[in-house]
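S.K.: For reference, the chains in residue letters:
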Amino acid sequence: MVTKYTYHKDLVSQPIIEDLQQGNTVVLIEHFPLTDVDLQTFIKRLGVSIKEIRNNNGQDVFDVKVRKQNGFFTSIANSNLAFPLHTDAADFKDIPNCVGLLCVKPAPSQQGKSTFVFLDDILKQISKEEIQELTSKKWNFRGQSRSIVNVINDRYTICYDRITMETFSKLNDAEKKYLSTLDRLFEKNIFETQLKKET
Amino acid sequence: MNIEYYHWVGHEEYYAELNPEMSKIRPVKEVYNIDIDESLPIQELLSKLYDITNTAPYREVEWDGKVEKVASSCYFKNGTDIHDFRTIDDLEQRISDFPKHGANGELSLHISMTIAYGN
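Heads up: the protein sequence lines correspond to chains F and H, in order.
Note that the working numbering numbers the first sequence so that position 26 is 26, with each residue one more than the last.
Note that the working numbering numbers the second sequence so that position 68 is 1068, with each residue one more than the last.
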């Protein structure tokens, strides 16, 4: 489930790219330097990054830290709320197919766990009809009409962010129940990892 | 003072493209003339912009029966490129401290109603 590498400045990126393309492992790179520049440089060796105004200096890195304005969290990603399993940037025109997490500050005690699920594990547990439903029914991801499961280059991919789906469109009770069932299925198949800051 | 206000920035531009009716009501940018003392905190100007642009300081997000309020994110233009927007972190900072990179020397601002980044 986890493939480990050790960071050094000459680390070859191709095996990591291949691991990520296979899609059946999480890549863990230990001893990664704790700067935006190093992270951005490394990301560019793996693929094309998505720049956004919300990122640090409008570049490739976004700080996931608790931040409030006017008494409210500045985004879901800047909160300490627990929220369901999701894929990132579900409402973007181009959805990233890879996301990197870098721990720059250790979480206290039991907090800060990252929770993952492999789509293949989910698909093995549901019927063909259910897969058909997931690949055919369109949902509204803030203006983007997309299925939850898609087939890209003969591989299944998933786009799922319940918060975006529920907040920006009116779902009926049956649809909400369907998503809750999905959430429970995901929860049964999770594995957790806690990233550590280098000392 | 004149404010060059952007309704759609970053990936929200695609949201506008997908919703042409929305784009008619809210073009990419508009210039507003706002009577305000520039020595005041930027928060005062943003309060006026919430009214003018019919946006809100927060949005309610929902999932699985839960509701949470998330603040709107406010940005200023920090360069000449369309994507040179930066977050306004300190709402107490004076209006006059912000650079004016509008087409005609206006202060360029954007309020995003996006609830999340990447979530």
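No lab work stands behind these hints: they were computed from the structure.
Ideal placement from N, C-alpha and C gives every residue a C-beta, glycine not left out.
The reader is advised that the hints may include incorrect statements.
[Stated by the list, open to error] If you only want the chain F side, here are some residues facing chain H, beta carbon under 7 Å, derived:
no., residue
1, 92
2, 112
3, 162
4, 163
[Said to hold, decoys possible] No farther apart than 35 Å at their CA atoms in a straight line, the calculated lysine-lysine pairs in the DSBU-like style are these:
no., chain 1, residue 1, chain 2, residue 2
5, H, 1024, F, 137
6, F, 176, H, 1100
7, H, 1048, F, 65
8, H, 1024, F, 188
9, F, 138, H, 1066
10, H, 1048, F, 44
11, F, 68, F, 113
12, H, 1066, F, 105
13, H, 1029, F, 68
14, H, 1029, F, 170
15, F, 68, H, 1100
16, H, 1029, F, 177
17, H, 1100, F, 177
18, H, 1066, F, 113
19, F, 93, H, 1048
20, H, 1029, F, 197
[Stated by the list, open to error] Stretch by stretch, here's where chain H covers chain F in the computed footprint (C-beta under 8 Å, at least three residues):
no., stretch
21, 38 to 49
22, 134 to 142
S.K.: Each hint: holds or not?
M.R.: Status of the hints after comparison with the structure:
1. Nearest Cβ of chain H to the Cβ of residue 92 of chain F: about 5 Å, under the 7 Å cut. The hint holds.
2. Because the beta carbon of residue 112 of chain F sits about 16 Å from the nearest beta carbon in chain H, more than 7 Å, this interface hint is broken.
3. Because the smallest distance between the Cβ of residue 162 of chain F and any Cβ of chain H comes to about 5 Å, under 7 Å, the interface hint for this residue holds.
4. With its C-beta approaching chain H no nearer than about 5 Å, residue 163 of chain F sits inside the 7 Å limit, and its interface hint holds.
5. For a cut-off of 35 Å, the pair hint linking residue 1024 of chain H to residue 137 of chain F stands: about 29 Å separates their Cα positions.
6. Restraint check: the Cα-Cα separation between residue 176 of chain F and residue 1100 of chain H comes to about 46 Å, which exceeds 35 Å; the hinted pair is violated.
7. With a C-alpha separation of about 29 Å, the suggested pair residue 1048 of chain H and residue 65 of chain F falls inside the 35 Å cut-off, and the hint holds.
8. Between residue 1024 of chain H and residue 188 of chain F, the direct Cα distance comes to roughly 46 Å. Violation of the 35 Å bound is thereby established for this hinted pair.
9. Restraint check for residue 138 of chain F and residue 1066 of chain H: satisfied, since their Cα atoms lie roughly 23 Å apart, inside the 35 Å limit.
10. The suggested pairing of residue 1048 of chain H with residue 44 of chain F is violated, with an alpha-carbon distance near 41 Å, which exceeds 35 Å.
11. A threshold of 35 Å between alpha carbons decides the hint, and for residue 68 of chain F with residue 113 of chain F the separation of about 22 Å falls inside it, so the pair holds.
12. Proximity of residue 1066 of chain H to residue 105 of chain F is assessed by CA-CA distance (about 29 Å); at most 35 Å being required, the pair is judged to hold.
13. Note on residue 1029 of chain H and residue 68 of chain F: the hinted pairing holds, with a Cα-Cα distance of about 27 Å set against a maximum of 35 Å.
14. Proximity of residue 1029 of chain H to residue 170 of chain F is assessed by CA-CA distance (about 28 Å); at most 35 Å being required, the pair is judged to hold.
15. For the given pair, residue 68 of chain F sits about 26 Å from residue 1100 of chain H by alpha-carbon distance, which is consistent with the 35 Å threshold.
16. Our distance criterion of 35 Å between C-alpha atoms is broken by residue 1029 of chain H and residue 177 of chain F, whose separation comes to about 40 Å.
17. The suggested pairing of residue 1100 of chain H with residue 177 of chain F is violated, with an alpha-carbon distance near 49 Å, which exceeds 35 Å.
18. This hinted pair checks out: residue 1066 of chain H and residue 113 of chain F have alpha carbons roughly 21 Å apart, not beyond 35 Å.
19. Annotation: proposed proximity of residue 93 of chain F to residue 1048 of chain H holds, straight-line Cα distance about 31 Å (limit 35 Å).
20. Taking the CA atoms of residue 1029 of chain H and residue 197 of chain F, the gap is about 42 Å. The hint is violated against a cut of 35 Å.
21. Counting residues of the stretch 38 to 49 of chain F whose C-beta sits closer than 8 Å to any C-beta of chain H gives 0, which falls short of three, so the coverage hint is violated.
22. Three residues within the 8 Å Cβ limit are the bar, and the stretch 134 to 142 of chain F against chain H gives 1, so the coverage statement is violated.
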